[in-house]
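S.K.: Each residue of the sequence shown is one higher than the one before, starting from 1 at the first, in this note's numbering.
Rather than coming from a laboratory, the hints here were simulated on the basis of the structure.
Don't take each hint at face value.
Stated by the list, open to error - FRET-style restraints, in silico, Cβ to Cβ:
hint, residue 1, residue 2, range
1, Pro34, Gln64, 26 to 34 Å
2, Asn6, Asn49, 27 to 35 Å
3, Glu61, Leu31, 29 to 37 Å
4, Gln64, Ser35, 23 to 31 Å
5, Asp53, Thr15, 15 to 23 Å
6, Asp53, Thr24, 17 to 25 Å
7, Asn16, Ala38, 13 to 21 Å
8, Cys33, Lys5, 16 to 24 Å
9, Glu61, Asn6, 13 to 21 Å
10, Glu17, His57, 29 to 37 Å
11, Asn16, Glu54, 15 to 23 Å
12, Cys52, Met1, 16 to 24 Å
C-beta: ideal position from N, C-alpha, C; glycine also.
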Amino acid sequence: MAITKNMTIGEILETNEKIADVLTNAGMHCLGCPSAQAETLEQACDVHNLNCDELLHEINETLQ
1 MAITKNMTIG
11 EILETNEKIA
21 DVLTNAGMHC
31 LGCPSAQAET
41 LEQACDVHNL
51 NCDELLHEIN
61 ETLQ
């Protein structure tokens, strides 16, 4: 299952636990926060000033 930028952080983390490491390494250290769980990847990238397309690519590469 490919991850999309419209999926919430909660949905993404449920797909594969390896993704937590990718997000943490990118600077998202609040993955367990209730508001973070409901944010889409795109919203979280905006908050953390990250390039969503690059992070999305890295996430999907991790799943292969």
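S.K.: All the hints need checking, so say for each whether the structure fits it.
M.R.: Hint by hint, here is what the structure shows:
{"no.": "1", "hint": "Pro34 - Gln64: 26 to 34 Å", "verdict": "holds, 30 Å"}
{"no.": "2", "hint": "Asn6 - Asn49: 27 to 35 Å", "verdict": "violated, 19 Å"}
{"no.": "3", "hint": "Glu61 - Leu31: 29 to 37 Å", "verdict": "violated, 19 Å"}
{"no.": "4", "hint": "Gln64 - Ser35: 23 to 31 Å", "verdict": "holds, 30 Å"}
{"no.": "5", "hint": "Asp53 - Thr15: 15 to 23 Å", "verdict": "holds, 19 Å"}
{"no.": "6", "hint": "Asp53 - Thr24: 17 to 25 Å", "verdict": "holds, 19 Å"}
{"no.": "7", "hint": "Asn16 - Ala38: 13 to 21 Å", "verdict": "holds, 19 Å"}
{"no.": "8", "hint": "Cys33 - Lys5: 16 to 24 Å", "verdict": "holds, 19 Å"}
{"no.": "9", "hint": "Glu61 - Asn6: 13 to 21 Å", "verdict": "holds, 19 Å"}
{"no.": "10", "hint": "Glu17 - His57: 29 to 37 Å", "verdict": "violated, 19 Å"}
{"no.": "11", "hint": "Asn16 - Glu54: 15 to 23 Å", "verdict": "holds, 19 Å"}
{"no.": "12", "hint": "Cys52 - Met1: 16 to 24 Å", "verdict": "holds, 18 Å"}
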